[in-house]
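Undergrad: Could you build the full structure based on these sequences and the hints that come with them?
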Amino acid sequence: MKFLRFWWDFVVGDDWRAALGIAIAIGIAAALVAGGIDAWWLIPAAVVAVLYISLARETKAS
Amino acid sequence: MTAAFLVASAFLASAVEFVEALTIVLAAGLTRGWRSSLTGLGAATVVLAGIVAALGPTLKLVPIDALRLVVGALLLAFGLQWLRKAILRASGYKALHDEEAIFAREAAEAQSAPSETRAGLDWYGFTLSFKGVLLEGLEVAFIVITFGSTQGSIGLAALGAGIALVLVATVGAVVHAPLSRVPENTMKFAVGVMLTTFGIFWSTEGVGARWPGDDAALPVVLAFVIALSFASVVLLRRRRLVIA
Chain H
1 MKFLRFWWDF VVGDDWRAAL GIAIAIGIAA ALVAGGIDAW WLIPAAVVAV
51 LYISLARETK AS
Chain Z
1001 MTAAFLVASA FLASAVEFVE ALTIVLAAGL TRGWRSSLTG LGAATVVLAG
1051 IVAALGPTLK LVPIDALRLV VGALLLAFGL QWLRKAILRA SGYKALHDEE
1101 AIFAREAAEA QSAPSETRAG LDWYGFTLSF KGVLLEGLEV AFIVITFGST
1151 QGSIGLAALG AGIALVLVAT VGAVVHAPLS RVPENTMKFA VGVMLTTFGI
1201 FWSTEGVGAR WPGDDAALPV VLAFVIALSF ASVVLLRRRR LVIA
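In order, the protein sequence lines correspond to chains H and Z.
Positions 1 to 62 (the working numbering) are the ones given, in order, by the first sequence.
Positions 1001 to 1244 (the working numbering) are the ones given, in order, by the second sequence.
The hints are simulated quantities; they were obtained by calculation from the structure and are not laboratory data.
Beta carbons are placed, not taken as given, at the ideal position from N, Cα and C, and that holds for glycine.
Misleading hints may appear alongside valid ones.
Stated by the list, open to error - Once the Cα atoms are required to be at most 30 Å apart in a straight line, the calculated DSSO-like pairs of lysine-lysine come out as: (1) K1085(Z) / K60(H); (2) K1131(Z) / K60(H); (3) K1085(Z) / K2(H); (4) K1094(Z) / K60(H); (5) K1094(Z) / K1131(Z); (6) K2(H) / K1094(Z).
To be verified - Stretches of chain H that chain Z covers, calculated by requiring three or more beta carbons in the stretch to come under 8 Å of a beta carbon on chain Z: (7) 6-13; (8) 16-25; (9) 41-48.
TA: Structural data, given as structure tokens:
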């Protein structure tokens, strides 16, 4: 259990929503590419959105 | 360009982690004795070398697109953590990382801990040094393995980490004090930018999308992440001033 906790903290950290947002964006990008759309722009756009939401949450809390 | 970027990224990320590990080794060495502290450092280094040696060749067996997807996703999650914290520090929402304060805290804790001898070593000093180096070093191992395997050159990534190790160890041995003058917060910012850049680049390639210009898109992604980060810092600083 400690092992899993360590890797969770290591990769995901204190904002699991950001990691989930990235996972969803990658899933959508993969689906679009499978559908024939070259969605190279999707992950950079998702990073902007995820970072904005994450920073907004963090600064609101402080 | 990519090779230089790879070495620079591994160097910067490793240097930051080694500076933190050095603070812990110094705190353990000065308060609990150098033998235990350096034995802990040596044992952790052997474990880390074993991890890189075992995982590096194994990852070469994974198809490159699958590897880039997994590594890109991991780096993106990992890199955004670094970037978010760096932006919060730069905009004043989070305290700056202070090696001297961390050293003072670690040293005070080490001094007050009870003495216990195992295998001829002060056990607290050994475990403090071992755990500190192992945990900080795991991040270095993670970066060396992921960057190196995805770019097909673990050697280059290890070279960047090796240069950082020699530099930090040499300076640490000479000054015998935490390296508080190293611009650690700036370096952490740069590492967050690089991890996020590689994460975006590889996860996009991993899902099968093609960057316009292929590898030439990497510096553009880097410029995009830098611009995004600085814009975030400026906006948050302004917001802080308005609230104050």
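Undergrad: All hints, please: hold or fail.
TA: We went through each hint and held it up to the structure:
no.: 1; hint: K1085(Z) / K60(H); verdict: 15 Å, holds
no.: 2; hint: K1131(Z) / K60(H); verdict: 34 Å, violated
no.: 3; hint: K1085(Z) / K2(H); verdict: 24 Å, holds
no.: 4; hint: K1094(Z) / K60(H); verdict: 13 Å, holds
no.: 5; hint: K1094(Z) / K1131(Z); verdict: 26 Å, holds
no.: 6; hint: K2(H) / K1094(Z); verdict: 27 Å, holds
no.: 7; hint: 6-13; verdict: holds (count 4)
no.: 8; hint: 16-25; verdict: holds (count 4)
no.: 9; hint: 41-48; verdict: holds (count 5)
Checked against the numbered hints given earlier, this structure breaks only hint 2.
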